[in-house]
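Could you build the full structure based on these sequences and the hints that come with them?
Protein chains in written order, with my numbering: chain A, 1 to 112; chain B, 1001 to 1112.
Certain hints may be false.
[Unchecked claim] List of simulated lysine to aspartate or glutamate pairs, EDC-like, C-alpha gap at most 20 Å:
#1 Lys1036/B to Asp1078/B
#2 Lys9/A to Glu24/A
#3 Lys9/A to Glu72/A
#4 Lys57/A to Asp1078/B
#5 Lys1036/B to Glu72/A
#6 Lys9/A to Glu1038/B
#7 Lys1036/B to Asp38/A
#8 Lys1056/B to Glu100/A
#9 Lys1067/B to Glu1038/B
#10 Lys1068/B to Asp1003/B
[To be verified] Computed list of chain A residues with no C-beta within reach of chain B, every gap over 12 Å:
#11 Leu45
#12 Glu62
#13 Ser65
#14 Thr79
[As the list claims (entries may be wrong)] Derived contacts from chain B toward chain A, CB cut-off under 8 Å, selection only:
#15 Leu1008
#16 Phe1009
#17 Gly1042
#18 Leu1043
#19 Leu1045
#20 Gly1082
#21 Ala1085
#22 Gly1098
#23 Lys1099
#24 Gly1103
#25 Gln1104
#26 Leu1108
If you're looking for bench data, these hints aren't it; they were derived computationally from the structure. We treat Cβ as the ideally placed atom computed from N, Cα and C, and that holds for glycine.
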Amino acid sequence: DGGITQSPKYLFRKEGQNVTLSCEQNLNHDAMYWYRQDPGQGLRLIYYSQIVNDFQKGDIAEGYSVSREKKESFPLTVTSAQKNPTAFYLCASSLLYNTEAFFGQGTRLTVV
Amino acid sequence: GEDVEQSLFLSVREGDSSVINCTYTDSSSTYLYWYKQEPGAGLQLLTYIFSNMDMKQDQRLTVLLNKKDKHLSLRIADTQTGDSAIYFCAERPGNQGGKLIFGQGTELSVKP
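Here is the structure:
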């Protein structure tokens, strides 16, 4: 089945560690996005990529890094510089000028 | 700037209609969207409307767009307990590579 897959579903991180969240899609979509969701704040854009080997910062990129080496994959690294990383992270993809963005099921990151 | 606003909560009785409202600021937005999120899950696209339309109907869902006032609404007819979820309004600003700007989400509670 075609779709967008995030892993893991739950992730625990110790303070001071970097962690990487996986996002893979087999929809042949050009664009991929990472959003962060906090209660009562909706979704905020972290990074997005419109083409392989290129990506742009969103509204809250500080403390995060991404790569886009393959069209299918857009991993997000939450670095130790991110002050408050506990949140629900959502990955999405779309054809570049299409109407619909498809979302993964999310990764809940908790700092312990 | 880009901003999307929604009220945070709505409670209705089963069988009633629900109306969820949203305001946005970017007049260049080409598409406006309604997404549904169930607990612990990703976002599911419910419907969208192109900015040159006033209304779109899809089964129990009716979207109304007042472009002059930058106001969008989602009406759910014959609301069921399975409609209980968080509903997000989103706009897609023109010429920004497909990124979406989300509202805070409206939590719809349907009481039997």
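Tested hints:
The suggested pairing of Lys1036/B with Asp1078/B holds, with an alpha-carbon distance near 17 Å, which does not exceed 20 Å. Between the alpha carbons of Lys9/A and Glu24/A the distance comes to roughly 13 Å, so the proposed pair stays at or under 20 Å and holds. Proximity of Lys9/A to Glu72/A is assessed by CA-CA distance (about 19 Å); at most 20 Å being required, the pair is judged to hold. Restraint check for Lys57/A and Asp1078/B: not satisfied, since their Cα atoms lie roughly 42 Å apart, outside the 20 Å limit.
The suggested pairing of Lys1036/B with Glu72/A is violated, with an alpha-carbon distance near 25 Å, which exceeds 20 Å. With a C-alpha separation of about 15 Å, the suggested pairing of Lys9/A with Glu1038/B holds against the 20 Å cut-off. With a CA separation close to 16 Å, the supplied pair Lys1036/B and Asp38/A stays within the 20 Å bound. This hinted pair checks out: Lys1056/B and Glu100/A have alpha carbons roughly 16 Å apart, not beyond 20 Å.
A threshold of 20 Å between alpha carbons decides the hint, and for Lys1067/B with Glu1038/B the separation of about 29 Å lies outside it, so the pair is violated. Of the supplied pair hints, the one linking Lys1068/B and Asp1003/B holds, its CA atoms being roughly 16 Å apart against a limit of 20 Å. Non-interface status of Leu45/A relative to chain B is broken: a Cβ of that chain comes within 12 Å, the nearest being about 6 Å off. The claim that Glu62/A is not at the interface with chain B holds, since no C-beta of that chain comes within 12 Å of its own (minimum 18 Å).
The claim that Ser65/A is not at the interface with chain B holds, since no C-beta of that chain comes within 12 Å of its own (minimum 18 Å). Even its closest Cβ contact with chain B, about 22 Å, leaves Thr79/A beyond 12 Å, as expected for a residue assigned away from the interface. At a threshold of 8 Å, the smallest CB-CB gap from Leu1008/B to chain A is about 7 Å, leaving the interface hint in force. Taking 8 Å as the C-beta cut-off, the interface hint given for Phe1009/B is violated, the closest approach to chain A being about 10 Å.
Here the hint on Gly1042/B is kept, as its CB sits about 4 Å from the closest CB of chain A, short of 8 Å. Because the beta carbon of Leu1043/B sits about 4 Å from the nearest beta carbon in chain A, less than 8 Å, this interface hint is met. For Leu1045/B, the interface hint holds, the least distance from its beta-carbon to any beta-carbon of chain A being 5 Å, beneath 8 Å. Using the Cβ-Cβ criterion of 8 Å, the hint placing Gly1082/B at the interface with chain A is not satisfied: the shortest such distance is roughly 19 Å.
The closest approach between the C-beta of Ala1085/B and any C-beta of chain A is roughly 14 Å, which is over the 8 Å cut-off, so the hint fails. For Gly1098/B, the interface hint holds, the least distance from its beta-carbon to any beta-carbon of chain A being 5 Å, beneath 8 Å. A hinted interface residue such as Lys1099/B counts as satisfied when its beta carbon comes closer than 8 Å to some beta carbon of chain A; here the least separation is about 5 Å, so the hint holds. A least Cβ separation of about 5 Å between Gly1103/B and chain A falls short of the 8 Å threshold, and the interface hint therefore holds.
Against a cut-off of 8 Å between C-beta atoms, the interface hint on Gln1104/B holds, since the closest Cβ of chain A lies about 4 Å away. Because the smallest distance between the Cβ of Leu1108/B and any Cβ of chain A comes to about 15 Å, over 8 Å, the interface hint for this residue is violated.
Of the numbered hints given earlier, the model fails hints 4, 5, 9, 11, 16, 20, 21, 26; all others are met.
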